[in-house]
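Peer 1: Sequence:
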Amino acid sequence: MSVRRVVPNVRSKSLAQSREFYGLLGFEEVMDHGWIVTLASPSRPAAQVSLMTGDRTAPVTPDMSVEVDDVDAAYAAVRASGAEIVHPLQVEEWGVRRFFVRDPDGRVVNVLSHR
4 MSVRRVVPNV
14 RSKSLAQSRE
24 FYGLLGFEEV
34 MDHGWIVTLA
44 SPSRPAAQVS
54 LMTGDRTAPV
64 TPDMSVEVDD
74 VDAAYAAVRA
84 SGAEIVHPLQ
94 VEEWGVRRFF
104 VRDPDGRVVN
114 VLSHR
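FYI, this note's numbering numbers position 93 of the sequence shown as 96, with every residue one higher than the one before it.
Derived from the structure by calculation, the hints contain no laboratory data.
In this text, all values refer to a predicted model and were calculated from it rather than measured experimentally.
Don't take every hint at face value.
[What the hints assert, rightly or not] What follows is a list of derived Cβ distance ranges for each label pair:
no.	residue 1	residue 2	range
1	GLY85	LEU27	36 to 44 Å
2	GLY85	PRO45	37 to 45 Å
3	PRO45	SER17	21 to 29 Å
Just so you know, even glycine gets a beta-carbon here, dropped at the ideal spot from N, CA and C.
Given only the sequences and the hints, what does the whole structure look like? Please build it.
Peer 2: Okay, structure coming up:
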């Protein structure tokens, strides 16, 4: 299993204002689902930040997202470790397979693979 990218998820009360602010730093919108907007650097597309009003299908908003090449292997490793699964492994309608896990310091990590 390998990590493809890591994206901080910033909780936002106003996606428009947050999008504008991060635009001042050179980020451009690459995805908008209404409740989550992802911005990326045009010169380094893997440098990203996601802005979220809240998660659409999970009970909590994750602090970061980690995209891996094999989410099933990641899920098996996390379960075997005994870490707390906050949101079960499932396929989402927007084309990812994901789960949430709580890290030792209490942060929630969204672990995903694109289908």
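Peer 1: Against this structure, judge whether each hint is valid.
Peer 2: Going down the list of hints, with the structure as the test:
1. Separated by about 43 Å at the C-beta atoms, GLY85 and LEU27 satisfy the suggested range of 36 to 44 Å.
2. At roughly 42 Å, the beta-carbon separation of GLY85 and PRO45 lies within the given 37 to 45 Å, and the hint holds.
3. Checked against the given bound of 21 to 29 Å, the beta carbons of PRO45 and SER17, roughly 23 Å apart, stay inside it.
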